[in-house]
Amino acid sequence: MSYSLERMQLRYALEIVEWEYPKPYHVYNMEGSPLAIAELMDGQYFSVFKNNELVGFFCFGASAQIKCLESRRFYDNLTFLDVGLGMHPAHCGRGRGQGFVRAGLEFVRKQSWTGGFRLTVDEANSRAQKVYERVGFEPIGCFITGRSGISCTFVVMVMKSGV
Numbered sequence: 004m005s006y007s008l009e010r011m012q013l014r015y016a017l018e019i020v021e022w023e024y025p026k027p028y029h030v031y032n033m034e035g036s037p038l039a040i041a042e043l044m045d046g047q048y049f050s051v052f053k054n055n056e057l058v059g060f061f062c063f064g065a066s067a068q069i070k071c072l073e074s075r076r077f078y079d080n081l082t083f084l085d086v087g088l089g090m091h092p093a094h095c096g097r098g099r100g101q102g103f104v105r106a107g108l109e110f111v112r113k114q115s116w117t118g119g120f121r122l123t124v125d126e127a128n129s130r131a132q133k134v135y136e137r138v139g140f141e142p143i144g145c146f147i148t149g150r151s152g153i154s155c156t157f158v159v160m161v162m163k164s165g166v
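With the numbering used here applied, the sequence shown corresponds to residues 4 to 166, in that order.
Honestly, the hints are just simulated from the structure, not real lab data.
Virtual Cβ for every residue (Gly too), placed ideally from N, Cα, C.
Among the hints, a few may not be true.
[Stated by the list, open to error] Label-pair distances were calculated between CB atoms; the ranges are:
1. T148 to N54: 35 to 43 Å
2. T117 to C155: 29 to 37 Å
3. R76 to N54: 36 to 44 Å
4. E21 to S66: 14 to 22 Å
Model the full structure from these sequences, guided by the hints.
Written out as structure tokens, the structure is:
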């Protein structure tokens, strides 16, 4: 059975913010954050289901961008739609990533998007980068951002339309 996407509902947002990823992916833990709940409910997020089970989420547009001075230059090209995603920790590392990513891209294409796609990934998450490359994304650059004295490098990847 394939994946299905539907607009985020509060009950699913409340579930997602409690997901616990193991190290080194623990940086994605939202720890029940009210701010994370509000973001998941901003209208640009979709829950992903497989066999009626919540297995992940997608967001599209500005919600998928990392907002900082260094990143602005990557987000100027409006022929790309920004894509953000998260998969339930129990489904990560099990060879399901490519199908999951393709399902999100196909969902947007069915909504009449004809341009390319862009995503931003933590440089340390080589597992996700490999999945994105296998789906057809190519890195175009990176930027460093920091909060609370901690810096992080992000890689920006694109998939041109028609791929």
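With 14 to 22 Å as the target window, see if E21 and S66 comply at their CB atoms. Roughly 20 Å apart at Cβ, these two residues keep to the hinted range, so it holds.
Falls inside 36 to 44 Å, the C-beta gap from R76 to N54? holds (41 Å)
Holds or violated: the 35 to 43 Å window for the beta-carbon distance between T148 and N54? holds (37 Å)
Do T117 and C155 keep their Cβ atoms within the hinted range of 29 to 37 Å? This hint holds: roughly 32 Å between Cβ atoms.
Hint compliance for this structure: every hint is met.
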